[in-house]
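**Student:** From first to last, the protein sequence lines stand for chains A and B. Sequential numbering of the first sequence, starting at 8, is according to our numbering. Sequential numbering of the second sequence, starting at 1136, is according to our numbering.
Be aware that one or more of the hints could be misleading.
Below 25 Å or equal to it, Euclidean Cα-Cα: the simulated DSS-like pairs (lysine-lysine) are [said to hold, decoys possible]:
(1) A:Lys106 x B:Lys1140
(2) B:Lys1173 x A:Lys95
(3) A:Lys96 x A:Lys13
(4) B:Lys1392 x A:Lys95
(5) B:Lys1139 x A:Lys95
(6) B:Lys1203 x A:Lys96
(7) A:Lys95 x B:Lys1203
(8) B:Lys1290 x B:Lys1421
(9) A:Lys95 x B:Lys1174
(10) B:Lys1350 x B:Lys1392
(11) B:Lys1315 x A:Lys95
(12) B:Lys1173 x A:Lys135
(13) B:Lys1293 x B:Lys1391
(14) A:Lys13 x A:Lys95
(15) B:Lys1350 x A:Lys96
(16) B:Lys1293 x A:Lys96
(17) A:Lys178 x A:Lys13
(18) A:Lys96 x B:Lys1181
(19) A:Lys95 x B:Lys1293
(20) A:Lys96 x B:Lys1165
(21) A:Lys11 x B:Lys1421
(22) B:Lys1174 x A:Lys106
(23) B:Lys1169 x A:Lys96
(24) B:Lys1391 x A:Lys95
(25) A:Lys96 x B:Lys1421
(26) A:Lys172 x A:Lys148
(27) B:Lys1140 x A:Lys95
(28) A:Lys106 x B:Lys1173
(29) B:Lys1350 x A:Lys95
(30) B:Lys1140 x B:Lys1203
Computed Cβ-Cβ distance ranges for the label pairs, DEER-style [what the hints assert, rightly or not]:
(31) B:Pro1176 x A:Arg28: 43 to 53 Å
(32) B:Asp1413 x A:Glu10: 53 to 63 Å
(33) A:Thr117 x B:Ser1211: 13 to 23 Å
(34) A:Ile176 x B:Ser1168: 42 to 52 Å
(35) A:Asn61 x B:Thr1409: 44 to 54 Å
No lab work stands behind these hints: they were computed from the structure. Here the structure is a predicted model, which means the values were calculated and not measured. For each residue, glycine too, the CB sits at the ideal point set by N, CA and C.
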Amino acid sequence: MKEKIKARVMDSRKIKRAFNRMATEITERNRDLNNLVIIGIRTRGVHIAKRIANLIKEYDNIDVPVGILDITLYRDDFSELEDKHIVKKTEINFSIENKNVLLVDDVLFTGRTIRAAMDSLIDLGRPKTIQLLVFIDRGHKELPIRADYTGKSLPTSRREQVKVKLKEIDKKDEVLITEPGGIE
Amino acid sequence: MSFKKKHLLGIQPLTKSEILTILNTAESLKEISKREVKKVPVLRGKTIINLFFEPSTRTRSSFELAAKRLSADISSFSKTTSSAVKGETLKDTVLNLEAMQTDALIIRHSASGTPHFLSTFCQSHVINAGDGTHEHPTQALLDAFTIREAKKRLKGLKVVIVGDILHSRVARSNVFLLKKMGAQVLLVGPPALVPPEMSQLGAEIDHDMDRAVKKADVIMMLRIQMERQQKNYFPSIREYRQLYSLTPKRFETAHKKAIIMHPGPINRDVEISTHLADSIKSVILKQVENGIAIRMAVLYLLLGGKERDFTD
Chain A
8 MKEKIKARVM DSRKIKRAFN RMATEITERN RDLNNLVIIG IRTRGVHIAK
58 RIANLIKEYD NIDVPVGILD ITLYRDDFSE LEDKHIVKKT EINFSIENKN
108 VLLVDDVLFT GRTIRAAMDS LIDLGRPKTI QLLVFIDRGH KELPIRADYT
158 GKSLPTSRRE QVKVKLKEID KKDEVLITEP GGIE
Chain B
1136 MSFKKKHLLG IQPLTKSEIL TILNTAESLK EISKREVKKV PVLRGKTIIN
1186 LFFEPSTRTR SSFELAAKRL SADISSFSKT TSSAVKGETL KDTVLNLEAM
1236 QTDALIIRHS ASGTPHFLST FCQSHVINAG DGTHEHPTQA LLDAFTIREA
1286 KKRLKGLKVV IVGDILHSRV ARSNVFLLKK MGAQVLLVGP PALVPPEMSQ
1336 LGAEIDHDMD RAVKKADVIM MLRIQMERQQ KNYFPSIREY RQLYSLTPKR
1386 FETAHKKAII MHPGPINRDV EISTHLADSI KSVILKQVEN GIAIRMAVLY
1436 LLLGGKERDF TD
């Protein structure tokens, strides 16, 4: 389906500033950074997680482990989207037992992805805490889930889509609001 | 890369891309069996029945564990303890089981074509766990997965399959799969067990083991099926062993990094020397380990999500 771009909400400069701010908030709130692990939800959450880890390394010279979570097997709606049918690897090569886990995703929408991610994490061990970082919080939550760190809160209509584009996969850093439109 | 088949009846009806989807899905699922809690909720609420009309250790428990690791409910049934011994027909047995709201039936039967027959009237997904001398698709898939894991590819490899090809559903499924993936397959054994018409499967044939093993990348040994040897396909076990057993001396002539496979159960020192079966060149137990991941992938791809439109 065709889609039209309604607005370019953030450019690479604003995105960089948001990353710096969130990394600072994380280091302030987590006194014991050695007990912190970061887990990114496939696909874009992984790249955001890696950037956060790099910034923490820059600020505090601590290597925070980064893991990758695929939540396909925990979804409650996966049959509705063909792409979601494909299971990819979960790669968490460290124990999350008693750790402070920072869960990372690109967009917080209904909250169902985060619900699935938390179920999956709890099957892998018993973390001390789970904190949530999302780059965009766009509203319309269907579950009692909120983010601890947010790049930007962006009120949207349900019809709209929010696209977080990242250099690592999209060649460019930007956040767009798009809307289905035009004829197929 | 989606999967739209309702049943897994064999390798022959699968496309190359469907085979790749199964292999790649299995690769993602393999990690689950290494967790402390070896379970994910994706098939919660699905009911599966294992219908085994022939003996089996590996395949049956592998399917059971695969189903359980995906949170499905599975119940196993074997011929000797069922009403089949009271003379109930297969169709009646299956219809009765389906009346208990099953989602999938996994069937092993000595008659070739039984899974196809079931698929003509079953509402449930039908999975072939070995039918007569026809196919054993999940075995070929786990073999391919194991080869790919060891060799990083399938295309262009020289795979030698040795033994009772005539009666082997494992060999047949493997030939179909390996040919689709671009490997070269050589079938080896005594003429009575590797008749010339086997070449119609698309594989080459050789009756000289020493010649065949040279430069092989993968050597797959098959079990001499003692239960099917009444017809005297070869003069004696002793002679068979001399001509076709995989011995260290023969194995030396294969490719330096060649791997040894066997679908099990093995007859030690008949088709394969004990020394080789237990050597680091052998991936026999890896095959068993990977069997779980493959069967999880098959169950997930057939049963996962809501009912879809199937192409078969």
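**Student:** Taking the hints in turn, state whether each one holds.
**Tutor:** A quick look at each hint next to the structure:
Taking the CA atoms of lysine 106 of chain A and lysine 1140 of chain B, the gap is near 42 Å; set against the 25 Å cutoff, the hint is violated. Straight-line distance between C-alpha atoms of lysine 1173 of chain B and lysine 95 of chain A comes to about 17 Å, which keeps the hinted pair within the 25 Å bound. As the CA atoms of lysine 96 of chain A and lysine 13 of chain A are separated by approximately 34 Å, the hinted pair breaks the 25 Å bound. This hinted pair does not check out: lysine 1392 of chain B and lysine 95 of chain A have alpha carbons roughly 29 Å apart, beyond 25 Å.
Only pairs whose Cα atoms come within 25 Å are accepted, and lysine 1139 of chain B paired with lysine 95 of chain A is accepted, the gap being roughly 18 Å. Among the hinted pairs, lysine 1203 of chain B with lysine 96 of chain A is consistent with the structure: their alpha-carbon atoms are about 19 Å apart, no more than 25 Å. Taking the CA atoms of lysine 95 of chain A and lysine 1203 of chain B, the gap is about 20 Å. The hint holds against a cut of 25 Å. The suggested pairing of lysine 1290 of chain B with lysine 1421 of chain B holds, with an alpha-carbon distance near 21 Å, which does not exceed 25 Å.
Between lysine 95 of chain A and lysine 1174 of chain B the CA atoms are separated by roughly 16 Å; this keeps the pair inside 25 Å, and the hint holds. As the CA atoms of lysine 1350 of chain B and lysine 1392 of chain B are separated by approximately 10 Å, the hinted pair is consistent with the 25 Å bound. Taking the CA atoms of lysine 1315 of chain B and lysine 95 of chain A, the gap is about 24 Å. The hint holds against a cut of 25 Å. With a C-alpha separation of about 21 Å, the suggested pair lysine 1173 of chain B and lysine 135 of chain A falls inside the 25 Å cut-off, and the hint holds.
The suggested pairing of lysine 1293 of chain B with lysine 1391 of chain B holds, with an alpha-carbon distance near 13 Å, which does not exceed 25 Å. Between the alpha carbons of lysine 13 of chain A and lysine 95 of chain A the distance comes to roughly 32 Å, so the proposed pair goes past 25 Å and is violated. For a cut-off of 25 Å, the pair hint linking lysine 1350 of chain B to lysine 96 of chain A is broken: about 34 Å separates their Cα positions. Between lysine 1293 of chain B and lysine 96 of chain A the CA atoms are separated by roughly 30 Å; this puts the pair beyond 25 Å, and the hint is violated.
Taking the CA atoms of lysine 178 of chain A and lysine 13 of chain A, the gap is about 20 Å. The hint holds against a cut of 25 Å. Of the pairs offered as hints, the one joining lysine 96 of chain A and lysine 1181 of chain B holds, with about 23 Å between alpha carbons and a cut-off of 25 Å not exceeded. Among the hinted pairs, lysine 95 of chain A with lysine 1293 of chain B is inconsistent with the structure: their alpha-carbon atoms are about 30 Å apart, more than 25 Å. Annotation: proposed proximity of lysine 96 of chain A to lysine 1165 of chain B holds, straight-line Cα distance about 9 Å (limit 25 Å).
A hinted pair counts as satisfied when its Cα atoms are at most 25 Å apart, and lysine 11 of chain A with lysine 1421 of chain B does not qualify at roughly 50 Å. Distance restraint check for lysine 1174 of chain B and lysine 106 of chain A: the Cα-Cα separation of roughly 22 Å lies within the 25 Å cut-off, and the hinted pair is therefore satisfied. At roughly 13 Å between alpha-carbon atoms, lysine 1169 of chain B and lysine 96 of chain A fall within 25 Å of each other, so this suggested pair holds. For the hint linking lysine 1391 of chain B to lysine 95 of chain A, the alpha-carbon distance of about 33 Å lies beyond 25 Å, and the restraint is violated.
Taking the CA atoms of lysine 96 of chain A and lysine 1421 of chain B, the gap is near 19 Å; set against the 25 Å cutoff, the hint holds. For the given pair, lysine 172 of chain A sits about 22 Å from lysine 148 of chain A by alpha-carbon distance, which is consistent with the 25 Å threshold. With a C-alpha separation of about 20 Å, the suggested pairing of lysine 1140 of chain B with lysine 95 of chain A holds against the 25 Å cut-off. The straight-line distance between the Cα atoms of lysine 106 of chain A and lysine 1173 of chain B is roughly 21 Å, inside the 25 Å bound, and the hint therefore holds.
Restraint check for lysine 1350 of chain B and lysine 95 of chain A: not satisfied, since their Cα atoms lie roughly 35 Å apart, outside the 25 Å limit. With a C-alpha separation of about 22 Å, the suggested pair lysine 1140 of chain B and lysine 1203 of chain B falls inside the 25 Å cut-off, and the hint holds. Roughly 36 Å separates the CB atoms of proline 1176 of chain B and arginine 28 of chain A, a value that falls outside the hinted 43 to 53 Å. Range check, aspartate 1413 of chain B to glutamate 10 of chain A: Cβ separation about 59 Å, and the 53 to 63 Å hint holds.
The given range of 13 to 23 Å is broken by threonine 117 of chain A and serine 1211 of chain B, whose C-beta atoms sit roughly 39 Å from each other. For isoleucine 176 of chain A and serine 1168 of chain B, the hinted distance range of 42 to 52 Å is not satisfied, since their beta carbons lie about 30 Å from each other. At roughly 53 Å, the beta-carbon separation of asparagine 61 of chain A and threonine 1409 of chain B lies within the given 44 to 54 Å, and the hint holds.
Of the numbered hints listed earlier, those contradicted by the structure are 1, 3, 4, 14, 15, 16, 19, 21, 24, 29, 31, 33 and 34.
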